[in-house]
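Asker: Chains as they are written, first to last, in the numbering used here: chain A, 106 to 234; chain B, 106 to 234; chain C, 106 to 234; chain D, 106 to 234.
I should point out that these hints are in silico values taken from the structure, not numbers from a laboratory. This structure is a prediction, so every number in the text was calculated from the model and none was measured. Be aware that one or more of the hints could be misleading.
In this list, chains with the same sequence are indistinguishable; a pair is considered to hold if it fits within one copy or across any two.
[Stated by the list, open to error] Calculated lysine to any residue pairs in the SDA-like style (CA-CA distance at most 25 Å, straight line):
#1 K218 with F109
#2 K179 with A114
#3 K107 with K218
#4 K207 with S233
#5 K179 with S220
There are 4 protein chains.
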Amino acid sequence: MKEFSVTLAPRFYETDALGHINNASIAAWFEVVRIRYLESLMDADPGAARDWMLASIQIDFVAETFYGKDVVAKITGAEVGNSSLNILCELYQEDRLTVRGKSVLVYMDTAAKSSVRIPDSLREMIASG
Amino acid sequence: MKEFSVTLAPRFYETDALGHINNASIAAWFEVVRIRYLESLMDADPGAARDWMLASIQIDFVAETFYGKDVVAKITGAEVGNSSLNILCELYQEDRLTVRGKSVLVYMDTAAKSSVRIPDSLREMIASG
Amino acid sequence: MKEFSVTLAPRFYETDALGHINNASIAAWFEVVRIRYLESLMDADPGAARDWMLASIQIDFVAETFYGKDVVAKITGAEVGNSSLNILCELYQEDRLTVRGKSVLVYMDTAAKSSVRIPDSLREMIASG
Amino acid sequence: MKEFSVTLAPRFYETDALGHINNASIAAWFEVVRIRYLESLMDADPGAARDWMLASIQIDFVAETFYGKDVVAKITGAEVGNSSLNILCELYQEDRLTVRGKSVLVYMDTAAKSSVRIPDSLREMIASG
């Protein structure tokens, strides 16, 4: 898997009254990173991400994330099953790990509305980045 | 015009690091109130609000809005033009005016994608509430 | 554990271009439900939830959630550890399960910024609801 | 006034079921642009924006904004009053004007919680960019 990362500048409205970035904003960031990664697999076709259905997310809040410093979101793993793809992601702020997450996606035949085997061409792209 | 109000419980993620409700959350609340009002005109058909296109919003932040106390959003005016509708709205927290806003909507023929005169039946509903 | 539920009316801005409620909006709803539940334990003191630090969330998207129908969020379990509390939650729309989630919270001594044992009085309240 | 612009990549969760970027997301973008502009005036001190209180926003939705193409937000005017600053902003997507907005800010003595005259040094920075 090749390296994939997205740099996000925290937005002030993403903070909450505790003075840090709110957990719901971080869940939203994971969507940004996940979709950019999926788009990167598909030659940046913005519509392509819609072949993937989000089945679950798991987010561990390791340390607080603050306004005022960029966040680097790194894809740290992409585990391919039959029709599922687990995307592992870590967020860093000034080289400090603040959040770790996993998204489970299912590859869909959007016409049939059912899951299908991830095609070999796509498996190769995921493996090589 | 009959009275129309919506009560909103501020959500913690709607606060920001200044300790009050963020301005962008308040803009989002105005959508909630506006759409509920339009739906009330249309016998609560959830799809009906889509005949209205939002042309502009104006929001005056009169005082801070805080987490922990309900907000009452009151429609204080509905000014009907040919194809436009100005909706005036005020937010109160513990009887204190905190926000005043105006939304300008245009009634659309969604098939033709052009504005059309607001029908008389709808004008009557707006006038009577 | 006594029953605890919150009814949420989906907001139009919480939908996305796929026509359903976006996953990030659902993560935000979990905060609403979690905090209301914690506040209910503490005699509805809005500040009390701040003694709890969110360690992780896990959300399974079982079926699509749509605009136009209320969502009932039910707390289905509250598992107490030494300093941790697992809150299990399910979302229903028209009696259909759409989302299942787990939040892990840690009880904090906010002055010392370290986790502390959940006091017995609070354990009793969680057990009895 | 020198040129100031921010490029924003629309996020999928910022769309709504009408298939375009939701109005509340655009109100949130205006905060991003406004705060970046104020920070640029203050040698990029992230805390500096807090000396400004948002008094009002006016947003005109000229055309739809879509997912999949960058948005360029340009500050097109900065009108200085005694203690107030009007910031004019336009959003473009592929050179098409989609949104025009105005924010009115008031310069605050945060200790006294009252508005104060914008200092000459800051007036010069606003005038020169």
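Asker: Hints first: check each against the structure and report whether it holds.
Answerer: Against the structure, the hints:
1. K218 with F109: Cα proximity of K218 and F109: none, with 29 Å in one copy and 34 Å across.
2. K179 with A114: For K179 and A114, the Cα distance is within 25 Å both inside one copy (14 Å) and across copies (18 Å).
3. K107 with K218: Neither. Shortest intra-copy (31 Å) and inter-copy (38 Å) distances fail the 25 Å Cα cut-off.
4. K207 with S233: within (20 Å within a copy, 34 Å between copies)
5. K179 with S220: neither (27 Å within a copy, 29 Å between copies)
In this structure, the hints that do not hold are numbers 1, 3, 5, in rising order.
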